[in-house]
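**Student:** So the chains spell out like this:
4 protein chains.
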Amino acid sequence: MALLVEKTTCGREYKVKDMSQADFGRLEIELAEVEMPGLMASRTEFGPSQPFKGAKITGSLHMTIQTAVLIETLTSLGAEVRWCSCNIFSTQDHAAAAIARDSAAVFAWKGETLQEYWWCTERALDWGPGGGPDLIVDDGGDTTLLIHEGVKAEEIYEKTGQFPDPTSTDNAEFKIVLSIIKDGLKTDPKRYHKMKERVVGVSEETTTGVKRLYQMQANGTLLFPAINVNDSVTKSKFDNLYGCRHSLPDGLMRATDVMIAGKIAVVAGYGDVGKGCAAALKQAGARVIVTEIDPICALQATMEGLQVLTLEDVVSEADIFVTTTGNKDIIMLQHMKKMKNNAIVCNIGHFDNEIDMLGLETHPGVKRITIKPQTDRWVFPETNTGIIILAEGRLMNLGCATGHPSFVMSCSFTNQVIAQLELWNEKTSGKYEKKVYVLPKHLDEKVAALHLGKLGARLTKLSKDQADYISVLVEGPYKPAHYRY
Amino acid sequence: MALLVEKTTCGREYKVKDMSQADFGRLEIELAEVEMPGLMASRTEFGPSQPFKGAKITGSLHMTIQTAVLIETLTSLGAEVRWCSCNIFSTQDHAAAAIARDSAAVFAWKGETLQEYWWCTERALDWGPGGGPDLIVDDGGDTTLLIHEGVKAEEIYEKTGQFPDPTSTDNAEFKIVLSIIKDGLKTDPKRYHKMKERVVGVSEETTTGVKRLYQMQANGTLLFPAINVNDSVTKSKFDNLYGCRHSLPDGLMRATDVMIAGKIAVVAGYGDVGKGCAAALKQAGARVIVTEIDPICALQATMEGLQVLTLEDVVSEADIFVTTTGNKDIIMLQHMKKMKNNAIVCNIGHFDNEIDMLGLETHPGVKRITIKPQTDRWVFPETNTGIIILAEGRLMNLGCATGHPSFVMSCSFTNQVIAQLELWNEKTSGKYEKKVYVLPKHLDEKVAALHLGKLGARLTKLSKDQADYISVLVEGPYKPAHYRY
Amino acid sequence: MALLVEKTTCGREYKVKDMSQADFGRLEIELAEVEMPGLMASRTEFGPSQPFKGAKITGSLHMTIQTAVLIETLTSLGAEVRWCSCNIFSTQDHAAAAIARDSAAVFAWKGETLQEYWWCTERALDWGPGGGPDLIVDDGGDTTLLIHEGVKAEEIYEKTGQFPDPTSTDNAEFKIVLSIIKDGLKTDPKRYHKMKERVVGVSEETTTGVKRLYQMQANGTLLFPAINVNDSVTKSKFDNLYGCRHSLPDGLMRATDVMIAGKIAVVAGYGDVGKGCAAALKQAGARVIVTEIDPICALQATMEGLQVLTLEDVVSEADIFVTTTGNKDIIMLQHMKKMKNNAIVCNIGHFDNEIDMLGLETHPGVKRITIKPQTDRWVFPETNTGIIILAEGRLMNLGCATGHPSFVMSCSFTNQVIAQLELWNEKTSGKYEKKVYVLPKHLDEKVAALHLGKLGARLTKLSKDQADYISVLVEGPYKPAHYRY
Amino acid sequence: MALLVEKTTCGREYKVKDMSQADFGRLEIELAEVEMPGLMASRTEFGPSQPFKGAKITGSLHMTIQTAVLIETLTSLGAEVRWCSCNIFSTQDHAAAAIARDSAAVFAWKGETLQEYWWCTERALDWGPGGGPDLIVDDGGDTTLLIHEGVKAEEIYEKTGQFPDPTSTDNAEFKIVLSIIKDGLKTDPKRYHKMKERVVGVSEETTTGVKRLYQMQANGTLLFPAINVNDSVTKSKFDNLYGCRHSLPDGLMRATDVMIAGKIAVVAGYGDVGKGCAAALKQAGARVIVTEIDPICALQATMEGLQVLTLEDVVSEADIFVTTTGNKDIIMLQHMKKMKNNAIVCNIGHFDNEIDMLGLETHPGVKRITIKPQTDRWVFPETNTGIIILAEGRLMNLGCATGHPSFVMSCSFTNQVIAQLELWNEKTSGKYEKKVYVLPKHLDEKVAALHLGKLGARLTKLSKDQADYISVLVEGPYKPAHYRY
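Quick mapping for you: the protein sequence lines, in order, are chains D, C, P and Z. Numbered by the working numbering, the letters in the first sequence go through residues 627 to 1111 in order. Numbered by the working numbering, the letters in the second sequence go through residues 627 to 1111 in order. Numbered by the working numbering, the letters in the third sequence go through residues 627 to 1111 in order. Numbered by the working numbering, the letters in the fourth sequence go through residues 627 to 1111 in order.
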């Protein structure tokens, strides 16, 4: 696509695939609202006081129907919003169109190139002369990364006059990041410095992004406060677990229509995401084998009747491979070459380095046959057998299906709203330093409570006497901080 | 669509949506072949001897990728084939295109009108001057019905000179059937008589069609032998059960993206199809309530922890409704009016009379909002709340998703191939009278055996001594006829 | 125990372990009555008319609490009853005591020798000078066998004057049978002839006994009508499946306290019993491997995510082995010698020849360490490692626990009551020839219906219109005879 | 029992039910050792260096077979041990006998009165003139409580000369505690002071005891360091969850033989224990309803398809009630009076105040019918219907069955051994203050690793590169402290 920003009649910028899908997007957004009671309750509770009045929020998070409900919750609370997706395949184009038309500046489409991806990210960060953003909603940390790398480069430039050098890295994606920063430097050598001065804080959605934040905190390089939304119980134990339990089989079915029952499925990693994936596959009738590095998670797998082996043990007999590790180099070319014909290989983790796509793509003589978008059969010249790669090794549940369903995303995103409110409300109080924080437990419990009614659940109420007996307040929080759920 | 027959360069007739999808269809057919070991084994075993040489086969069965592999198995065994779909929404257009281009005459597309549907059926039966078909593959029995009704009309015409009267029935679909027969009568008053004389037999795929056949057998009106493929164990206990367990959630997800976990789901009917649906919903985290008329099936449901209630008991609190009964008038307008906003209502049974679509459509003031094809929100004027109807009340797993996956259809379709071979091979032996037959158990066991290798299963072998002890042959069959599995 | 018959104060004969447990037995019988709605409903429905007035019933069926409720249902309908157990370990001594004291002649205790077992069987058949029995309730067919072998021996004796020769067989148990018949012959050479003349019929409880009956029917040697209760749906698909799902883990836990989660469990046979066992083990967190000879059952196992292998494939890595085949020679000495230390080996099938106990017992140098009754560790001299055998290779759920729970036995036993009533009511009508019959489906459905209320289930009622549409009666039966559930 | 201490021939004190069961106990201990790889590995690793040389350990923890393996692990590492049970019904008498005969001073039997219970606790603490204990293994905190209350009383006595007054409390059990302390004061007014001076620390096993410790820490009254073993992942997420999943149905079955399938079961509390209980009941075919105060846990329940209601909503329709809350006053008399006839009521939480036993016992006209030990039917005069109470409202899995199985207890107890070693090794280092600690994660991971081999699991190893990428060490620990598993 030509990377030109368009404008709505009211002047809002956007770049989406197809504006004519806005009506369809709107219909699905309306359905999703019914399934997202936490977000809708936030609109009811906070909407009247317009707490985000004046706040400019940049978001980098899969531009889906569910995210659309999040964005419109933010705007209904008074915020101005610019958005991009955090994965090249995860945008739902009708959602993007509806939001672009009705609510916020959107730069996102399904099937971006990496170049396009970072262009979108940069657009979402660019608030023009008025400056901004004030707040960031991040998923995976790319927006945060861009600012941090930008600041770093500006410092070097200031000291040495040197521009960042894209050829200094082998990493194709990082080359692009450096190019973008380099280009920016030329027009405004203080661009990212101004940004970091203004940013009140970031709320980060996912394990991978959180890991980056804690590393920056440990290194003392974090430039603004961060709230780790991922580790809210109502996020990590819900969206990671129940979301993936739903969306993994959805992605497999839409991409391949393959029968899961009777198959041997390997799940690499048995964290919350892996637990959800393994549960889904087991329930669908697959025989599930788990690979793990962590003996505790491995022992959990065995207690559920799952076999724990190494990838090497099973690579040539399994039918389906799913990576969930958040680590890199999990399924390498030499593994893929040993697989059965038409073995399905996919990744539900955040980044695309769990599967050795580079190794595959550059394997001499390998042939790629695109069955349909996000479903490719790669044929090895040695054997003339092939494997099926989903979503080019990226987030398969968003690339091949529609990601987590609305209800569970409502839990995650209500945490986002609360985190953004918290950062904004405390922007001048000094409550948050340049550190990583989690939300207090009573807010976590509140998020859960907002979702129970929709399901017809009825909570028991503690008596004062009982509350005293277990040393909690009648209204909670009910568990110590270290409680694992 | 204009109902004009087209022809391939080699002169084969067809009518499909989009011939340009043939390549895509071919790729998916090739993937499916790997998942359909029973059909591929049939090609290997029987292909060389070309047993269907000279046989003209008409098929009326969902024109999907899996059916494509069936059709090409029949043609690879020597048959000439004409095909239509047995449901207006079940065709996969790329599958139809590939078959039309490469293998057989196809008249089918996704989203036929009823008029178009019966036109396709009639086309599939029309073998031109050479006459035919010799064999019928039927699913739901519409092709068989057309011939039986045709013969009946011709007899009346012969005796009385009267044409069938489409206005004599209230049933919109039956009106069309009568019209078609009437038109045919005018050009050839012996058309269906010639057909029934030639037809060696029919093999019927599904519960609903089988029920019709047994009724005709009971009434003494069955015009040719029939093999009940549905009641092969490797059909009814596999495709009905495991197929639906796979394709029900697939259809729900593709149509609505709704989170199943936490929802209250009502499954009407707890036969094999209902058992598969209930299992899928329960495993996905729904609370499942079953409605049943049969106390035995009801008791089975309770033993799995499912609540058994009447529809009236739960109609206003459930989130998802699925009919699987094969009966009619299950969910009526008055039920739908009591449902929660955005309750999902769908049917996975064969015919579209389980849900009262007529009542819904004709309800004064009702508003239909099409979210996307096969997903409609119907809004009641009384409450301004709506319900979501999938696939217009028809077979939702085929209307909203891609139906059962290849592997389980390979079991069903290998039974079809065996049944067709049996009918054809015995066409002159008198083995089959005008009755309904099931395949002998050793063939059923053979079908299963053909599918075990793909899954890495290893069978134990009986010793002669053990076989004698339980009074079976070493090579089977291993169970008495009444065994229930 | 000294094999002397004792008498209650009212003159009823018995031989039980400990009459002082009668009160305890009575309390548990009263609890069981609440869980056995089918039997209690039978008392209500039929009790007033005393249909068994004058009938003498001999039963050979595990003398448990549940059987006690069956016996007292028979007596409350007017029958006179004599009873023995059909397995040397399956008697619950408190149940036997309560029945002996209050209701019927009982000859049964937990831990009989084979000699004692057949003595008890012979006592249960001996109705003294008045003659009898009129009816037989059999489980496994030993009572039926004794009469048939008795008749055979009497015929030979009449023709040749020869007594049966216990030394003519290697089978230790059959030696005893011949001895008993021989002894009987000396006192009354027409004993079994008189008996078979009088017997109106037998109702048989289990797969194994039914298999024997069909063999006799096939050979033309069956001496009286038989009703196959096992193949009532409400028996084979309930007690075999759900009963074993309950009682297998119960037996394992009581005998060994071993954690099932994480273990590798092998289930030999995937019929109804095997399905119940595999489900229980899988749910408890074991990794289950199935061995099968039947490809259909094997394919069912794979669809549930179970691995299908041969015993040889897994014998040295599994932790728990359960036989459910109804066949013989499943786990042989050479298998047991290859097992891991403390592997648990047990049989839930009817007869004790699934596990090669003889081979184990006679293995030179093998050491048996009794942990507690029915739990033995057998240590091999070659390795000094041992395996744990439950219930001496016999019915482990009755030997090590209390067998199937009351509710599911109520289904089975209500079928027994109905079968006994049917035989008795039709004793002079000629309805039943010397063949094997199953109960008609409407009675099967009735049994189910009687059990639904207790579980709070509410059935849907067919309209006349719907019933016509699917060609059934409004009041059922609802399924064709071949329906598999 | 007469509360007289007996002595073995080697002079070790004990009081157990029946020393003749020692051989039986020994056999079961030997079986358990094979299932407890963590403990056996500890013996191998630490035994040679005798790290507990000179340490006197008092333990108050269910005196079962598994605990016997723990005790003998402590003694094999050089400790001298005195032991009592922490529940009046939880002792396995054969385990107690074997340990008393072979390894340690034991004061415990199944079915102690409260008076006897505290006598045993006091005996276990009494190391005679040499003084002791050095270390405490506690479960529920009763031993720790006795010392703390003793010290408190001694301080008051020192200041005021006043003895503690048993009549000052309504709590029957606390009366006994005060009496014991009072008696002790008379003979040695510094007894508990000497004790607390000597105690190096306590390791606490369970949620309830840990809660008490954190309260004391918060109040500043904790007298010695404590290690919270309960919150090791390999404890709370294993023994609480998988242990209860195993032992709840075991207890239900042994106590009542009731069929779980088809029943309505209420689980009060959905923490780790409740999750295990609910999973077990659901898998066995019950319909499970959860009661919860915590919205997060409630939402987790709904995601698994469980209904969340209040006890009042379901009290009159459920069949089985299980309390798992660790709170008090969960099922009160007024609830029990509304229950169905023969509803089963039990508690798997630590203390017996979850069920209102006092209210039940003192209800005018109520009748208690003991079916067998730990299984009582209580009949209400109002309705003449009854409910069945297990284990007198106490820990039903230990009262009615044998508690958690060996394998999962090996995880818990290996943590205990590590905690005791840590306290002892650091006794002079000042590492541990008078606070509550949890074990570091690498020890937690080590415990898990020690248990994987037994299950045939094979761990994947991180490369250095991968470890760096996720910022962990190759050898772990692999997760941040707040990770929830």
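To be clear, the hints were calculated from the coordinates, so they are not data collected in a lab. Heads up, the beta-carbon is just placed ideally off N, CA and C, and yes, glycines get one too. Where hints are given, some of them may not hold.
[Unchecked claim] Calculated Cβ distances over 10 Å to all of chain D for the following chain C residues:
1) E632
2) I691
3) T786
4) P792
5) T834
6) D876
7) M879
8) N967
9) N968
10) W1004
11) K1067
12) L1081
13) V1098
14) H1108
[Claimed, not checked] Listed next, the in silico PhoX-like pairs over lysine-lysine satisfying Cα-Cα at most 25 Å (straight line):
15) K964/C <-> K1067/P
16) K682/D <-> K820/D
17) K1067/P <-> K954/C
**Student:** All the hints need checking, so say for each whether the structure fits it.
**Tutor:** Status of each hint after checking the structure:
1. E632: Holds: least Cβ distance 25 Å, greater than 10 Å.
2. I691: With a cut-off of 10 Å, I691/C comes too close to chain D, as the shortest Cβ separation is near 7 Å.
3. T786: 51 Å, holds
4. P792: 38 Å, holds
5. T834: 23 Å, holds
6. D876: Its Cβ does come within 10 Å of chain D, the nearest being 5 Å, so this is violated.
7. M879: 5 Å, violated
8. N967: 6 Å, violated
9. N968: 5 Å, violated
10. W1004: 13 Å, holds
11. K1067: 22 Å, holds
12. L1081: 5 Å, violated
13. V1098: 26 Å, holds
14. H1108: 27 Å, holds
15. K964/C <-> K1067/P: Violated: K964/C and K1067/P sit about 36 Å apart, past 25 Å.
16. K682/D <-> K820/D: 14 Å, holds
17. K1067/P <-> K954/C: 23 Å, holds
The structure fails to meet hints 2, 6, 7, 8, 9, 12, 15 from the earlier list, while all remaining hints are met.
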